[in-house]
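Q: Next come the chains, spelled out residue by residue.
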Amino acid sequence: MLMFKLALRNILRSRRRTLLTLLSLGGGYLLTALQLSVTEGSYDQMLSTYTRDTTGHVQITAEGYVETPRLYDSLSLNDADLSELEAQPNVVAVTPRIESSALAYGETKSFPVDVVGIDPQREAGLSFLADKLRAGTYLTDQPDTDGYFAAMIGAQVARQLSVGVGDELVLVSQGADGSLANDLYRVSAIVGTIDSAESRRVVLPLRAAQQFYAMPGKVHRLIVLGRDYRRAPQLAEQLDGWAGQHWDDTDVGATSWQVVAADFYRTMEADKSGGQVTMVILIFLVCVGVLNTILMSVMERTGEFGVLKAIGTSPGRLFRLIMLEAGLLAILACLLALILVLPINAWFTWVGLEIEPIEFSGVLFTRYAGQMSFYVFAQPALLIVVATLIAALWPAWRAARLVPVEAMRRL
Amino acid sequence: MSTVIETVGLSRHYGSGDTLVKALDAVDLRIEAGEFTAIVGPSGSGKSTLLQLIGGLDHPSEGEVHLAGQPISSYSGRQLSDFRRDHIGFIFQAYNLIPVLSAAENCEYIMLLQGIKADERQRRVATMLQQVGLAGREDRRPSQLSGGQQQRVAVARAMVSQPDIILADEPTANLDSQTGMDLLDMMVELNQRDGMTFVFSTHDPKIMERARRLVYLRDGVVEREERRD
Ligand SMILES: Nc1ncnc2c1ncn2[C@@H]1O[C@H](COP(=O)(O)OP(=O)(O)OP(=O)(O)O)[C@@H](O)[C@H]1O
Ligand SMILES: [Mg+2]
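Protein sequence lines correspond, in order, to chains G and B.
Quick note on numbering: this note's numbering labels position 207 of the first sequence as 207, and the sequence is numbered without any gaps.
Quick note on numbering: this note's numbering labels position 50 of the second sequence as 50, and the sequence is numbered without any gaps.
Isolated chain G (complex conformation):
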């Protein structure tokens, strides 16, 4: 306690220098915390939107399907299965999908397309598909009065085949049983733009896709949304156990989005560490400044340190005293800066900065958002404190090794 008092009072002794040091350390903290907040916030926004819109957090599939999707690697599914899955802890929403390819024909032209079979209602509750209609109306489960199922098509499909809402579309492919599949659909909507991920897609009601591919009661993927995309690996592990027991006839497993979209995940992580480098450089610069201050304050007090040593302060204790002073200074700076960072970061998080919309992996971003989290505040603080301590090492070591008489001559 006395050592703490001594350190604190030493800090407060030269007000102006302390103020300057606090400003530079606090400024460094402010910048790094905000940078981290915006980085984390943007990635957070990107990843939660991306996972929600494409992969979900966890996918339940037949074993091996994630690595190499094959038409006949499906799993059987009924409403009871869905309800049971939905009732699992940490599961927020579930939707089934069928995925394959086909050749699409318009009036005169043909074009290869990706076919996705969805449960219209469930899909709308999970992904943003329903928000991406450019024209027409969203899918319904039921065939129209002529007995045709509806299909939603991507912009590229519409352009290549010159078909629009209300037009007929023919799909030709091969069924899971090897039979020839072909059927007629009515275009109900155009989804997305030429550049979006849905551009080459034809979206059918699940029932229609099951009929088309001759796989009644079967699906390829069960998309699961959890509470937090970051906790997907844990959820995958949990659901893997459940799925293994639930489907005892086929090998079924659960995979997190980090594995499903491994390339995307790696790119994002690499991008993030790029941001960390900026942060480290910033902190390094701050600490070079602080090293100077600490060194000056130690040199100035050489005589006093001589006295402290003369009356029996051990080198180790003197070393720790100077480290304590530096550490306190850094902590104080972070705490003071935090008062400023909190409201700014709150604004970034809940209001944010409007930007020119950027599309990333088929997802559109319109603002820079911050993140209000322990990590965003703690990580820069830790870096600042550690870096300050590192900057203090050498001055502290020098002071610890002073010979008392020589040091006291400087009084």
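Everything labelled a hint here was simulated from the structure, so no lab data went into it.
Treat each hint with caution, since some may be false.
Quick list of simulated restraints, FRET-style, between CB atoms [as the list claims (entries may be wrong)]:
| hint | chain 1 | residue 1 | chain 2 | residue 2 | range |
| --- | --- | --- | --- | --- | --- |
| 1 | G | Asp271 | B | Gln122 | 56 to 64 Å |
| 2 | B | Ala33 | G | Gly316 | 28 to 36 Å |
| 3 | G | Ile281 | B | Asp86 | 45 to 53 Å |
| 4 | B | His13 | G | Gly303 | 22 to 30 Å |
| 5 | G | Phe284 | B | Gly69 | 52 to 60 Å |
| 6 | B | Ala33 | G | Phe284 | 51 to 59 Å |
| 7 | B | Arg140 | G | Ile331 | 43 to 51 Å |
| 8 | B | Ala33 | G | Leu19 | 46 to 54 Å |
| 9 | G | Gly316 | B | Gln122 | 20 to 28 Å |
| 10 | G | Gly316 | B | Arg123 | 49 to 57 Å |
| 11 | B | Ala173 | G | Ile281 | 48 to 56 Å |
All C-beta atoms, glycine included, are put in the ideal place defined by N, C-alpha and C.
For this one, chain G is given, so just place chain B with the ligands on it according to the hints.
A: Frame of chain G; chain B with the ligands shown alone:
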């Protein structure tokens, strides 16, 4: 009587060749427990140097300091600081209190180093400051005390750790003569009542008179000794 400190051929040289200064030259000195000894001599005679070497603040060029028979030159930095902490009390000419600590905290600090428990520290500080006549001024910072009062705190700080010996390098030189005499009277009293061993340097004849043993230094050599009992 037991020997507290003994120096054997203790020398301290500065510079080399033509500029060699023998600040202290082969001094043999034995300090017994309970002594009240003055090191006297003209300026530059080596008084400070001798006290610094005895107190382990500097390393001798030659010779040895024995504390209770143990040679201290073999001590590491850590051992030497522990030696100073546990066996030596220092009083400096310029008081040298820790400016950011109060009178009481200055005394407490040294006991903190010794690992003494808080309540025991508080108890000892209170008694000690009382004894040096500073009751009621415990919470003053050094800058709020007069020179004489600061030096009394320094005496209390030196005493409170219960060292074997107190070394005082011209403790009264910065004080006016009356204040200096008062301080010395107090040291005499502590010596007589508690049996604390004091070695101090001075070139003030009035101060010398109070010593029971006088060691005359000249050019780094013990010229003569005088005992008054
Ligand atoms: N760091 C040093 N470098 C060179 N010479 C020194 C150093 N310190 C002391 N001396 C010399 O050693 C001799 C003894 O000095 P010391 O300080 O011990 O004398 P003193 O008796 O305490 O003098 P004073 O009464 O003025 O305090 C002097 O000649 C001094 O010049
Ligand atoms: Mg001197």
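Q: Measuring from beta carbon to beta carbon, are Arg140 of chain B and Ile331 of chain G in 43 to 51 Å?
A: 30 Å Cβ-Cβ, so the 43 to 51 Å window is violated.
Q: Could you check the hint for me, namely that Ala33 of chain B and Gly316 of chain G are 28 to 36 Å apart, CB to CB?
A: holds, 31 Å
Q: Are Ile281 of chain G and Asp86 of chain B spaced within 45 to 53 Å by their CB atoms?
A: holds, 48 Å
Q: Could you tell me whether the CB distance from His13 of chain B to Gly303 of chain G stays inside 22 to 30 Å?
A: For Gly303 of chain G against His13 of chain B, whose Cβ atoms are near 24 Å apart, the range 22 to 30 Å holds.
Q: Given the hint of 56 to 64 Å, is the C-beta distance from Asp271 of chain G to Gln122 of chain B inside that range or not?
A: holds, 59 Å
Q: Can you tell me whether the CB distance of Ala173 of chain B to Ile281 of chain G sits inside 48 to 56 Å?
A: The hinted range 48 to 56 Å holds for Ala173 of chain B and Ile281 of chain G, with Cβ atoms some 55 Å apart.
Q: If I claimed the Cβ atoms of Gly316 of chain G and Arg123 of chain B lie 49 to 57 Å apart, would that claim hold in this structure?
A: violated, 28 Å
Q: Range hint 46 to 54 Å: satisfied by the CB atoms of Ala33 of chain B and Leu19 of chain G?
A: holds, 52 Å
Q: Note whether the CB distance of Phe284 of chain G and Gly69 of chain B lies within 52 to 60 Å or breaks it.
A: holds, 54 Å
Q: Per the hint of 20 to 28 Å, is the separation of the Cβ atoms of Gly316 of chain G and Gln122 of chain B within bounds?
A: About 25 Å separates the Cβ atoms of Gly316 of chain G and Gln122 of chain B, which means 20 to 28 Å holds.
Q: Is 51 to 59 Å a correct range for the gap between the Cβ atoms of Ala33 of chain B and Phe284 of chain G?
A: Since the Cβ atoms of Ala33 of chain B and Phe284 of chain G sit about 57 Å apart, the hinted range of 51 to 59 Å holds.
Hint check: violations occur at hints 7 and 10; the rest are consistent with the structure.
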